[in-house]
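*Asks:* Sequence:
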Amino acid sequence: MCIGGITVNNPRPVGQTAAAGFQVGVRRTFPIPVLEAWKLITSPKGLSIWLGEGGPIDVEVGQLFQTEEGISGEFRVVNELENLRLSWTAEHWAKSSTLQIRTIPAGDHKTTISFHQEKLSGPDVREAMKRRWEDVLGRLQGICEEA
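Numbering (the working numbering), first residue to last: 1482 to 1628.
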């Protein structure tokens, strides 16, 4: 295939990587400091939004979870005020993915919350997870606006 005068062999679909299968990342900046963003994503209400109902109450390394919608996994990394990294497997998936959630300082009393998921099985799963994380960020934004 020729793009702009450059020959491209075997172009990858959007979100496909050589080493980690398909990946997706979404982020949004919130008008709250990092501490408040961290509390938002690790609170029972926040966890129910992004992880699902029936998830863990405590966010700690080694914590296993199984939600009511069939999502299971394990928290692998918990760097307070910075990031969470966990395995994430939907009920019908053959293999686990890796999800990382970051809280990134973005200026005076602003924080970017980022969801990045890799090791997804294909473009359809990538698109479904993109929609999920965009919806999650919208719902988290709604909590911020209520406060």
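Be careful, since some hints might not be right.
Unchecked claim - Here are the simulated DMTMM-like cross-link-like pairs (lysine to aspartate or glutamate), alpha carbons at most 20 Å apart as the crow flies:
#1 1526 / 1599
#2 1520 / 1599
#3 1591 / 1517
#4 1591 / 1627
#5 1591 / 1605
In short, the hints are calculated from the structure, not lab data.
*Asks:* State for each hint whether it applies.
*Replies:* To see whether the hints hold, each was checked on the structure:
1. A hinted pair counts as satisfied when its Cα atoms are at most 20 Å apart, and residue 1526 with residue 1599 does not qualify at roughly 25 Å.
2. Proximity of residue 1520 to residue 1599 is assessed by CA-CA distance (about 24 Å); at most 20 Å being required, the pair is judged violated.
3. About 10 Å separates the Cα atoms of residue 1591 and residue 1517, which keeps this hinted pair within 20 Å; it holds.
4. With a C-alpha separation of about 17 Å, the suggested pairing of residue 1591 with residue 1627 holds against the 20 Å cut-off.
5. Proximity of residue 1591 to residue 1605 is assessed by CA-CA distance (about 33 Å); at most 20 Å being required, the pair is judged violated.
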